[in-house]
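There are 2 protein chains.
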Amino acid sequence: MATLGDIGVSALINILIAFAFLLAFALLRIQPINDRVYFPKWYINGGRSSPRRGGNFVAKFVNLNFHTYLTFLNWMPQALKMSESELINHAGLDSAVFLRIYTLGLKIFVPITVVALLILIPVNVSSGTLFFLRKELVVSDIDKLSISNVRPQSIRFFVHIGLEYLFTIWICYMLYQEYDNVATMRLHFFASQHRRAEQFTVVVRNVPQIPGHSISDSLDHFFKTNHPDHYLCHQAVYDANKFAKLVRKRNRLQNWLDYNQLKFERHPEKRPTKKTGFFGLWGERVDSIDFYKQQIKEFDKKMAEERQKVVKDPKSILPVAFVSFKSRWGAAVCAQTQQSKNPTLWITNWAPEPRDVYWRNLAIPFVSLTIRKLIISLSVFALVFFYMIPIAFVQSLANLEGLERVAPFLRPVIELNFIKSFLQGFLPGLALKIFLYILPTILMIMSRIEGHIALSTLERRASAKYYYFMLVNVFLGSIVTGTAFQQLHSFLHQSPTQIPRTIGVSIPMKATFFITYIMVDGWAGIASEILRLKPLVIFHVKNMFLVKTERDRERAMDPGSVDYPETLPSLQLYFLLGIVYAVVTPILLPFILVFFAFAYLVYRHQIINVYNPQYESGAAFWPHVHSRIIESLLISQLLLMGLLSTKKAANSTPLLVILPVLTLSFHKYCKNRFEPAFRKYPLEEAMAKDIMDGTTDTEPDLNLKAFLADAYLHPIFRSFEEEELVEVRVDKVRVDRHQSYADNVQTSDLSSPSPPHYSYQLTSPPQDINHHGLPPLYAYNLSSPPHYGYHYEVEP
Amino acid sequence: MATLGDIGVSALINILIAFAFLLAFALLRIQPINDRVYFPKWYINGGRSSPRRGGNFVAKFVNLNFHTYLTFLNWMPQALKMSESELINHAGLDSAVFLRIYTLGLKIFVPITVVALLILIPVNVSSGTLFFLRKELVVSDIDKLSISNVRPQSIRFFVHIGLEYLFTIWICYMLYQEYDNVATMRLHFFASQHRRAEQFTVVVRNVPQIPGHSISDSLDHFFKTNHPDHYLCHQAVYDANKFAKLVRKRNRLQNWLDYNQLKFERHPEKRPTKKTGFFGLWGERVDSIDFYKQQIKEFDKKMAEERQKVVKDPKSILPVAFVSFKSRWGAAVCAQTQQSKNPTLWITNWAPEPRDVYWRNLAIPFVSLTIRKLIISLSVFALVFFYMIPIAFVQSLANLEGLERVAPFLRPVIELNFIKSFLQGFLPGLALKIFLYILPTILMIMSRIEGHIALSTLERRASAKYYYFMLVNVFLGSIVTGTAFQQLHSFLHQSPTQIPRTIGVSIPMKATFFITYIMVDGWAGIASEILRLKPLVIFHVKNMFLVKTERDRERAMDPGSVDYPETLPSLQLYFLLGIVYAVVTPILLPFILVFFAFAYLVYRHQIINVYNPQYESGAAFWPHVHSRIIESLLISQLLLMGLLSTKKAANSTPLLVILPVLTLSFHKYCKNRFEPAFRKYPLEEAMAKDIMDGTTDTEPDLNLKAFLADAYLHPIFRSFEEEELVEVRVDKVRVDRHQSYADNVQTSDLSSPSPPHYSYQLTSPPQDINHHGLPPLYAYNLSSPPHYGYHYEVEP
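As you go down the protein sequences, you meet chains A and B in turn. What the first sequence shows, in the UniProt record's numbering, is residues 1 to 796, in sequence order. What the second sequence shows, in the UniProt record's numbering, is residues 1 to 796, in sequence order.
Honestly, the hints are just simulated from the structure, not real lab data. There's no promise every hint is true.
Pairs count within a copy or across copies, as identical chains cannot be separated in the list.
[Said to hold, decoys possible] Capping the alpha-carbon separation at 25 Å, the derived lysine-lysine pairs in DSS-like fashion look like this:
id, residue 1, residue 2
1, 302, 224
2, 224, 341
3, 671, 341
4, 680, 668
5, 341, 680
6, 301, 315
7, 341, 668
8, 224, 309
9, 326, 705
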């Protein structure tokens, strides 16, 4: 077991690593050439269009103002400047509430740390007989500060139990406050939002196919009958998955074309060539530019055909639709009620934001959803408990002998002693490392197979799966020896009362491991987050090979968004560690506090300067965060009971039994009290907002139908230029962007005559739109190319 | 262990008992004097107003037609004559669907019995080595027919596993069909119902108290704002629990008065007297008639005061209301949506039928409901697992020594040898028997404390509690030795995989016990049900002491209704037994079949001729029945796995693992598919019915507001006569009844001047009602006594 000194050394190393990252960040971020990597949010917001420092040629790429190098931590106070309401305006409610998780961590753990250190450390230290055996150093220093140091049957366990009660009450109180706050913020956020398509829209799934009637007709008929006063219009959904695949492939070809053209421009003496075979490894050598141009042309033809097919073929209309209502009240009613006698038909739910829709899953037949969920649940269970089996199998293959057999030419290198020992140490772990690296992707794919139709839901589901993986394999796996599979086996064959004992008794011994884990994963990990090494490299690579215009550069900067599927679970793991160890080994708490404070600063900076959220779910993840913390409380109570029962504290342990019951009741109360705010839209709110709109509407003439007409059009049916211009509408720097757009059109060879027309159409008054006769099935307009035409359609 | 011969003897005894009951029933039911006990439904329906056979004086009481004595089983074909749709009209959907549970049992178990007997018995019998040891008779005959007879590791277990799959699939298929049928019947029943108050009404709980506004004002304001197009009116609820108590007490006094007056009439020579003290045991001797008249007068005064208080005091208006809407659509929307930002305020639910409302629980503050539920859950858990502790305590007191100490004068009697041995055998069991007798009442009280506001919900909840009690204490308790508490203790300290083994291995051994149980509880118990011994005795006692008029006699007949809290759980227990033993000991199945067939006949007869349902819930209990059968399937699968694993059938047992997963998926699918029909009212249905009403309305002029105005008035605020007359309105034999009513008014001394006036008011055209100016708060009218006056108010 580690001594306090060992921990100190480990802490020092990790602090140094963290500082190295911070220093690197400080140096890199003030270089103008990196400005788009470290401040993309301001470019997207329109707050900045080029790096701040101009001057001579060198200063364009390197920062020559040496004064700024000295104040390398000044991003921290800057990150704290923005108020919460500004933050919500700047980055959305999701991001603001995400930051509140860190402040919640601080609010919960600062008082707990103070109380635990002041009360428990003296109690633990002064209690043990071990304390007087200091000379022999039979136990680690950490253990002397923990509950292990207390004699069995000691009366002092009442202190621990009392504190467990106190901490539980405190955490529940903070959770209640926070849930209340977040729920209010969510409702306030919706109330203060401008008129948005999703407020009036409901997604209807499993529309029944009536022979002789189109989906569109049955939709119209059904909602005109059953919501006569409120139904406005609907938008059918096309199965454009095949088309989307073509678009993606074409984009890849376009990238290659751009790359080759750029290469040719830089070295005009030599036309780039490539081999046509597999991965360009063999086959006939051809001119690259011609080859890709030819390929793109073929693709354009294919896509035009496919698009015609999608639009013309009634079979490509999915039994899903976005139905819009005249008022928020009407939409709220439709989303919350059962429509049909058969509850598996005409299933209505709130529509996600247009940008939050995961279009591909809309094509999944509704009937298969139950089976998909079942299969994925079983797979996740298998993944959590048996993931070691395939990895062990791969490990058994990926040894040095196998490598030599596959690649005999490497033998001389491998036979070198120091490389051999390195590989022998490295190879077996490689499969595991690769698996852990791609695990979030696997979980995301699993969530996709489950068939959720919103990106936000997908991310939440992936996050839940990742949390359970970590709970079993990081938390339990570290405490109990053996693989998760062995644990599962032993748990199934142990009595249910034995399990908390087995785990509880190992808890204090693993404190040093988790302290190290917090420092490596929490401290150094977060510091690496701010450095954005991967986006930095990608940006510069793209900049070098693909970027021809300012617009390309903008597209290359890829701000990303908070990676909820990975960040939330690890955050929840820290809550679990803090809550479990608060009473057992309180010395772990300061390390968690440092993590929360540091991570808060880093993410605040990133959210202000970097991330550009893909969607706005209105903090829909909060109920999950709340439930996970409640779960952590329950786990901590069970484990403490197990631990105490091995300490023969029979007179005090039964006092703990009531605590889980109270915690569960609290959870149930909170669920009743606050969760509906995240699931349903109260009619009172809807009506209030409708009334407000009716009286204080800033755009009283805006025709709602026109406003909603193409809100839920598959994004693939819009050309990219057009999409950008639609965004421009809400931008402050409209003129700026239009100018740069016009430049792009001239400089790029993606000449498209139609987008400017269409983009104005959207901003033009509604009668103009009506003049164009937009039917509810707006996508029909796709058949009139001039309006929606893809740039490749009109290419020469 | 019992041999087949033992079972035969037991069967014979039980069949004889059952026949004795049936014979007694056949004799008693054809006596005209018992006509009101065995055919009350026809009196209530108005199909019969006096016993069928008239003739001379003796024939009024005793059946002299000896021919009818010979055909003593002819009620059976009669019971089968009525078609299901007639049955629904006659007794309601609840009763019709209740009978379907029995036919479902038959549909499930007839094919299973045939297959199991044909396939499993030969497999089991031919398999064992035991078969060849017949001479020694080391095992019971039953065991030779069961799975116990199969050699360990035998390949024949594949037959059992295959049949378990087959039976599961068959049961699931039948369950699906039946759920589908019942859900359709429910929707059809609602669709075919005439205009009813509950279709337009929603019960709103936790109406916030706004200082300076009455509950009524805030209700009006809230619903006018948030449901402007649909809100019609509301009825406040008064806290009349104290008043109801007074009414109950007064009724008791009235009974005593009636009794004494009748006594005096029969023996005019001696005026009845009583002592005023405790239970009439001591105190001053007074004239009974005067005493009770005096007491009633005092009560009337108290009640008048209390009534004034209830009506005048704004504090007696509860934060609960029945809110009515202009259309079913409006009510369906309001019931299914969240109204307020704070989801614990303005909670809306479907209103139960007026006669189904459990008024007392409306006064329970909403905040306390969560705590009540928690406390009751814990109590039920304690009751199920620890009920033996208090009973053992009582038993230790209630022995002969204790009895002698308390009642020394009994000593000579007790010391008699045969009485002593009888008591020693009897007393210890007495406490347990009393407990089991009052258990349903205890569970019902517990459900009431939980705070449900509908009688139907109360009965369903009590039924669920009783089922779990039986599952643990009858099913598991009989299989595993020891009290439930000991079982719980051992289960907590066993590994989860060990539990099904422990139980599974004992299952075949207990088959004979359960066969006996089925015969005693099922066969003889059901036969005693048809005899109606208790109501018979009570009716004749009342007839002797209390009945002065025909109306009193009608009231004394007490038809009762199906006792769901006791019947459903035992029914579900039979399903459990059948499903568990189908594969293990198939010889048990025929006994269950006999039970289902016999009970079906008996209950069909009772429902047609006796029971008068208190409420109509539209078969709301069906989802519970369905879930319990699914639970039984899961239990049987787990236990079979346990049993097989002790048989070392390692190669076949894993095949069973997938079955529970499939069963659970099926359950989840059914829940999604059908349960909403029992929880929500689809808008499509509501709208269709609204539209139908609008076009084909038979009472187009009826003002809906007047129709709904007093639908949800606390029944205690109506006098009994009035209530009866309101019922008359829908009766076919209107004239008949009015006549008898007029008779009653003249012969009874409960002279009430107002009811006839009021009763016509209800049937008179709406403008008449409007003329009386019924406000939404209809109960205010109570302050104008002539309209609603209680008969005691105008008494001299």
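Non-conforming hints, listed in increasing numerical order:
1, 8
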